[in-house]
Amino acid sequence: MTTSEIKQIPLVVRKNETKLALKLKELLEYHELIYFLVWRDLKVRYKQTALGVTWAVLQPFLTMVVFTIFFGNLAKVPSDGVPYPIFSFAALLPWQLFANALSNSSNSLVSNSALITKVYFPRIIMPFSSIISGLVDFLVAFLVLIGMMVYYGITPTSAVYTLPFFLLLALLTSFAVSLWLSALNVKYRDVKYTIPFLTQFWLFITPIAYPTSLVPEKWRVVYGLNPMAGVVEGFRWALLGQSTLNWYVMTASVTIVIVLLVGGLIYFRYMEKTFADIV
Amino acid sequence: MSKKSIEVINLGKEYRIGERIQYNTLRESITNTVKNTYKKLVSDLRSKTINPKDVSTNMDLLKRKSDHSNGNHSDPNYIWSLRNVSFDVEQGEIVGIIGRNGAGKSTILKIISGITEPTEGRVNIYGRIGSLLEVGTGFHPELTGRENILLNGAILGMKRQEIDRKFDEIVDFSGVEKFIDTPVKFYSSGMRVRLGFSVAAHLEPDILLLDEVLAVGDATFQKKCLGKLDNVATSEGRTVLFVSHDLTAIRSLCQKAILLENGRIADEGPTEEVLDNYHKSIESVNEIPIEERKDIIMSYDRSVIATSIKIENASSSDPIRPTSQLSIKIGYRSREPISNLIVHITIRDFKSGQPVTFLDSDNSGGIPKILPPEGTITCVTNKSYITPGRCALDIRFIIGTLSVYYLQNAGFFEVEEETVYGTGTISRRYGMFLLEHKWSFEEN
Numbered sequence: 001m002t003t004s005e006i007k008q009i010p011l012v013v014r015k016n017e018t019k020l021a022l023k024l025k026e027l028l029e030y031h032e033l034i035y036f037l038v039w040r041d042l043k044v045r046y047k048q049t050a051l052g053v054t055w056a057v058l059q060p061f062l063t064m065v066v067f068t069i070f071f072g073n074l075a076k077v078p079s080d081g082v083p084y085p086i087f088s089f090a091a092l093l094p095w096q097l098f099a100n101a102l103s104n105s106s107n108s109l110v111s112n113s114a115l116i117t118k119v120y121f122p123r124i125i126m127p128f129s130s131i132i133s134g135l136v137d138f139l140v141a142f143l144v145l146i147g148m149m150v151y152y153g154i155t156p157t158s159a160v161y162t163l164p165f166f167l168l169l170a171l172l173t174s175f176a177v178s179l180w181l182s183a184l185n186v187k188y189r190d191v192k193y194t195i196p197f198l199t200q201f202w203l204f205i206t207p208i209a210y211p212t213s214l215v216p217e218k219w220r221v222v223y224g225l226n227p228m229a230g231v232v233e234g235f236r237w238a239l240l241g242q243s244t245l246n247w248y249v250m251t252a253s254v255t256i257v258i259v260l261l262v263g264g265l266i267y268f269r270y271m272e273k274t275f276a277d278i279v
Numbered sequence: 001m002s003k004k005s006i007e008v009i010n011l012g013k014e015y016r017i018g019e020r021i022q023y024n025t026l027r028e029s030i031t032n033t034v035k036n037t038y039k040k041l042v043s044d045l046r047s048k049t050i051n052p053k054d055v056s057t058n059m060d061l062l063k064r065k066s067d068h069s070n071g072n073h074s075d076p077n078y079i080w081s082l083r084n085v086s087f088d089v090e091q092g093e094i095v096g097i098i099g100r101n102g103a104g105k106s107t108i109l110k111i112i113s114g115i116t117e118p119t120e121g122r123v124n125i126y127g128r129i130g131s132l133l134e135v136g137t138g139f140h141p142e143l144t145g146r147e148n149i150l151l152n153g154a155i156l157g158m159k160r161q162e163i164d165r166k167f168d169e170i171v172d173f174s175g176v177e178k179f180i181d182t183p184v185k186f187y188s189s190g191m192r193v194r195l196g197f198s199v200a201a202h203l204e205p206d207i208l209l210l211d212e213v214l215a216v217g218d219a220t221f222q223k224k225c226l227g228k229l230d231n232v233a234t235s236e237g238r239t240v241l242f243v244s245h246d247l248t249a250i251r252s253l254c255q256k257a258i259l260l261e262n263g264r265i266a267d268e269g270p271t272e273e274v275l276d277n278y279h280k281s282i283e284s285v286n287e288i289p290i291e292e293r294k295d296i297i298m299s300y301d302r303s304v305i306a307t308s309i310k311i312e313n314a315s316s317s318d319p320i321r322p323t324s325q326l327s328i329k330i331g332y333r334s335r336e337p338i339s340n341l342i343v344h345i346t347i348r349d350f351k352s353g354q355p356v357t358f359l360d361s362d363n364s365g366g367i368p369k370i371l372p373p374e375g376t377i378t379c380v381t382n383k384s385y386i387t388p389g390r391c392a393l394d395i396r397f398i399i400g401t402l403s404v405y406y407l408q409n410a411g412f413f414e415v416e417e418e419t420v421y422g423t424g425t426i427s428r429r430y431g432m433f434l435l436e437h438k439w440s441f442e443e444n
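Note that the protein sequences, when read in sequence, are chains A and B.
Take this note's numbering: the last position of the first sequence gets the number 279, and nothing is skipped along the way.
Take this note's numbering: the last position of the second sequence gets the number 444, and nothing is skipped along the way.
Quick caveat, the hints were computed from the structure, so don't treat them as lab data.
For glycine and all other residues, C-beta sits at the position ideal for the given N, C-alpha and C.
Relax, there's no trap hidden among the hints.
Calculated pairs, PhoX-like style, for lysine-lysine (alpha carbon to alpha carbon, straight line, at most 25 Å):
#1 A:Lys25 - B:Lys159
#2 B:Lys159 - A:Lys43
#3 B:Lys178 - A:Lys47
#4 B:Lys223 - B:Lys351
Here are the in silico distance ranges between beta carbons for each label pair:
#5 A:Ala114 - B:Lys3: 32 to 40 Å
#6 A:Leu58 - B:Arg160: 28 to 36 Å
#7 A:Ser113 - B:Thr307: 35 to 43 Å
#8 B:Ile370 - A:Phe197: 45 to 53 Å
#9 A:Ile205 - B:Asn262: 54 to 62 Å
#10 B:Gly227 - A:Ser113: 31 to 39 Å
#11 B:Ile297 - A:Leu58: 46 to 54 Å
#12 A:Gly81 - B:Arg165: 56 to 64 Å
#13 A:Thr274 - B:Glu416: 50 to 58 Å
#14 B:Arg160 - A:Trp247: 38 to 46 Å
#15 A:Phe197 - B:Thr182: 35 to 43 Å
#16 B:Thr378 - A:Pro196: 56 to 64 Å
#17 A:Val136 - B:Arg160: 17 to 25 Å
From just these sequences and the hints, can you work out the full model?
Okay, here's the thing in structure tokens:
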């Protein structure tokens with residue numbers, strides 16, 4: 001490289017006192033690293049497994065079978081007029097995306113500590129790329145959902161065009177929660193132990209095995225404060241053509257996601273400086 | 001007209017130490033803590049009538065602040081790994097950073113590369129920066145060599161096209177063509193290192209930061225790497241900042257060197273001069289009684305410490321020569337009788353720091369199973385045949401499998417010249433050891 005090519009504006013490394021620049025632009029500059037990390041995750045995930053990528057389908061599918069037997073058939077949980085198997089499967093897909101993101105990305109910084117202490121890159125890439133790699137599993141399982149919709153003869157209404165929005169909401173929810181948990185996990189390894197419990201708890205407060213309509217009207221806004229409630233509600237509405245979208249739940253969910261995300265970005269950025277020292 | 005590549009301005013990095021307490025200062029730390037708590041208690045009691053909470057927190061703040069500004073560590077939980085470090089590196093220079101363990105060498109590279117943020121000061125960097133603090137960072141054992149080259153390249157900041165373009169060259173340099181589609185978990189550690197370095201050697205940043213990367217790998221490959229590095233800097237005009245314990249590598253690669261001592265720059269200038277001073281500084285510790293050395297690495301309980309070390313000719317009062325037997329006497333002290341003590345002694349060439357040989361008391365079994373709390377352990381060697389020159393000695397005490405005491409450069413000795421082969425003296429330039437040998441001839 002010749003002298004003239006060298007940037008004359010210095011790249012400055014110094015103590016970041018009060019300014020909390022989010023450095024989101026840097027994420028773009030490092031898009032190739034994100035690509036390779038996702039690629040690595042995918043390559044490695046199902047290596048030395050007999051069933052390979054089938055696992056991406058089996059996990060939600062088997063859960064759906066269990067739910068259908070116990071909640072659908074035995075407990076007779078209502079499913080808003082849709083066959084129970086597809087009612088729960090449509091909810092399990094975004095749920096699985098979220099739950100996997102929770103366990104993978106919250107651990108992403110700690111499990112990649114060798115990278116963090118030896119190489120510079122925007123740390124936010126770690127939780128981000130593990131969510132993207134979870135998206136691939138989602139898409140595989142989604143094909144099964146399409147198959148099931150054909151089987152049950154469900155034709156989506158024009159509401160299906162809003163599906164990308166709800167998928168984005170699911171991703172943003174996962175990302176927001178991951179930002180908090182991954183950064184916290186660097187400092188407090190307790191996070192690792194709370195994840196299984198948290199996931200289980202969260203599963204029950206999300207309308208997966210039961211419809212939102214079971215929740216009393218006056219509690220819907222509070223119920224929507226769980227952003228996954230909004231996501232699941234949205235998925236069902238967009239795919240299965242349930243009569244109405246519950247706007248209380250949706251508004252509450254979207255608002256809380258934005259709050260969580262912005263807070264998460266700031267917190268992550270603030271903690272980022274110390275990662276290499278304490279991880 | 002040369003241009004600046006890196007400007008380091010008044011850099012400081014403070015670490016909070018929890019488990020990594022410098023063992024030799026533990027006693028001071030404890031007394032300090034007790035003292036401070038007492039003082040605080042007294043002042044708390046006195047100020048209780050005013051507004052106890054505010055006063056004590058303010059005092060704490062003040063105290064911490066003043067500690068920082070005079071740089072003394074009376075707060076035992078914090079330690080300045082670097083302080084007031086400033087230097088410039090010009091474009092195309094290869095600068096070596098040397099210093100003892102814990103002098104702050106790696107911290108500097110970590111700050112410049114952006115891995116960690118400095119506590120104070122700043123660094124201006126002019127150009128694209130690439131760092132190699134470890135060979136094969138991010139290698140995934142399940143992925144093949146080919147896949148790992150792509151991944152590692154991306155991690156080190158190479159663009160996709162750049163990796164594709166240089167792929168064959170990288171594989172060629174590493175010499176692992178045959179196994180390129182085998183998962184890395186089946187590689188030997190040597191192969192892994194070679195692959196890792198090959199990727200890194202093909203980085204094209206304007207500024208390259210290297211940390212101890214040559215400490216691994218076989219000698220031939222090391223040479224190849226040194227050649228490549230030299231080439232990178234001289235013909236391609238890249239700036240290299242190089243941290244190493246291998247003083248020979250520093251000497252052959254760098255025109256300029258920086259000597260760090262306890263987080264501060266102790267010397268800076270042409271490599272030869274700095275290395276000379278470094279050697280002097282190593283030797284100057286010899287004047288400090290061994291018990292008072294600050295660089296001892298010990299277990300928390302200070303179970304065993306060395307109290308003296310003496311290296312002499314075992315058989316006579318003559319100076320040590322290649323054919324002399326060495327006698328190494330180590331005095332020790334402990335609070336209670338010690339069982340199963342193992343002593344390791346590493347003899348190193350003083351100038352390069354390269355190990356010459358290693359003495360392990362576990363192999364010889366000459367030390368009694370139970371030792372009294374105080375005594376002297378003596379190790380006598382056969383004729384050493386170490387070539388003339390200066391040597392340094394490291395001592396390590398091990399109890400069971402736990403290293404309880406380690407001191408580098410615990411002692412020094414000079415091997416005097418001697419006409420061993422009857423043909424005149426021989427110098428260390430040709431090797432660390434002499435061999436007694438015979439030549440013969442037969443007619444075919």
